[in-house]
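*Asks:* Sequence:
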Amino acid sequence: SKWANKVKKVTNMSAMFLDSTFNGDIKGWQTDSLTDMSCMFLNNNQFSQDISNWNVSNVTKTFYMFANSSYDENLGKWALGKNCATNGMFVTSPFLDNDTAYWPKMSKKQKTSAKTRSEKLEMAISKAYNVDFDENWGW
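In our numbering, the protein residues as written are 1 to 139.
One or more hints might be untrue.
Unchecked claim - Computed Cβ-Cβ distance ranges for the label pairs, DEER-style:
1) 20 / 50: 12 to 20 Å
2) 82 / 25: 27 to 35 Å
3) 102 / 23: 14 to 22 Å
4) 30 / 123: 28 to 36 Å
5) 130 / 77: 28 to 36 Å
6) 98 / 2: 27 to 35 Å
7) 4 / 73: 15 to 23 Å
8) 107 / 3: 18 to 26 Å
9) 129 / 96: 16 to 24 Å
10) 57 / 102: 15 to 23 Å
To be verified - Here are the simulated PhoX-like cross-link-like pairs (lysine-lysine), alpha carbons at most 20 Å apart as the crow flies:
11) 27 / 8
12) 115 / 105
13) 61 / 82
14) 27 / 6
15) 61 / 109
16) 120 / 61
17) 61 / 77
18) 61 / 108
19) 127 / 61
20) 111 / 61
21) 61 / 105
22) 108 / 77
23) 105 / 120
Think of the hints as simulated: they come from the structure by calculation, not from any bench. Here a beta-carbon is modelled for each residue, glycine too, at the ideal position from N, C-alpha and C.
Could you build the full structure based on these sequences and the hints that come with them?
*Replies:* Here it is in structure tokens:
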């Protein structure tokens, strides 16, 4: 895409496609500098593109990245660092039903965290991004 080269110095893409219907081709984005992908596709039920080749080795935050989204593509090539916060990464997402080969390489603790809700974190996200978890997800 025409943005591939323009995003290579971006470090924070948190909430970039939050509550949107974005489904563009972004597989060519250079994500080497990226550190924060939290809430990037939160509540996006349209995005289904292949982003398996993204370099996520420097990412430190993926919390609620795909939560309440329809994303279920293969991320088996992703290698998240051992200190990456994965809280709620896949909560209420069909990704949870995928074979573990689809999952990013991460520790057992990170996998557990990626499946788990965090009330404290949800409150912070609600304030920062104006997301109503109870209204959107029926909790």
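*Asks:* Against each hint, give a clear statement of whether it holds in the structure.
*Replies:* Each hint tested on the structure:
1. 20 / 50: 12 to 20 Å: holds (18 Å)
2. 82 / 25: 27 to 35 Å: Given a distance of about 31 Å, which is inside 27 to 35 Å, the answer is holds.
3. 102 / 23: 14 to 22 Å: Taking Cβ atoms as reference, residue 102 and residue 23 lie about 19 Å apart, which means the hint holds.
4. 30 / 123: 28 to 36 Å: holds (34 Å)
5. 130 / 77: 28 to 36 Å: Given about 33 Å between the Cβ atoms, the range holds.
6. 98 / 2: 27 to 35 Å: holds (31 Å)
7. 4 / 73: 15 to 23 Å: holds (18 Å)
8. 107 / 3: 18 to 26 Å: violated (32 Å)
9. 129 / 96: 16 to 24 Å: holds (22 Å)
10. 57 / 102: 15 to 23 Å: For residue 102 against residue 57, whose Cβ atoms are near 19 Å apart, the range 15 to 23 Å holds.
11. 27 / 8: Holds. Residue 27 to residue 8 sits at ~13 Å (cutoff 20 Å).
12. 115 / 105: holds (15 Å)
13. 61 / 82: The hint holds at about 11 Å.
14. 27 / 6: Answer holds: residue 27 to residue 6 is near 13 Å, not above 20 Å.
15. 61 / 109: holds (15 Å)
16. 120 / 61: holds (16 Å)
17. 61 / 77: Distance ~18 Å between residue 61 and residue 77 Cα, so the pair holds.
18. 61 / 108: holds (16 Å)
19. 127 / 61: holds (18 Å)
20. 111 / 61: holds (14 Å)
21. 61 / 105: holds (15 Å)
22. 108 / 77: holds (17 Å)
23. 105 / 120: violated (26 Å)
In the structure shown, a violation is registered for the earlier hints numbered 8 and 23, in ascending order.
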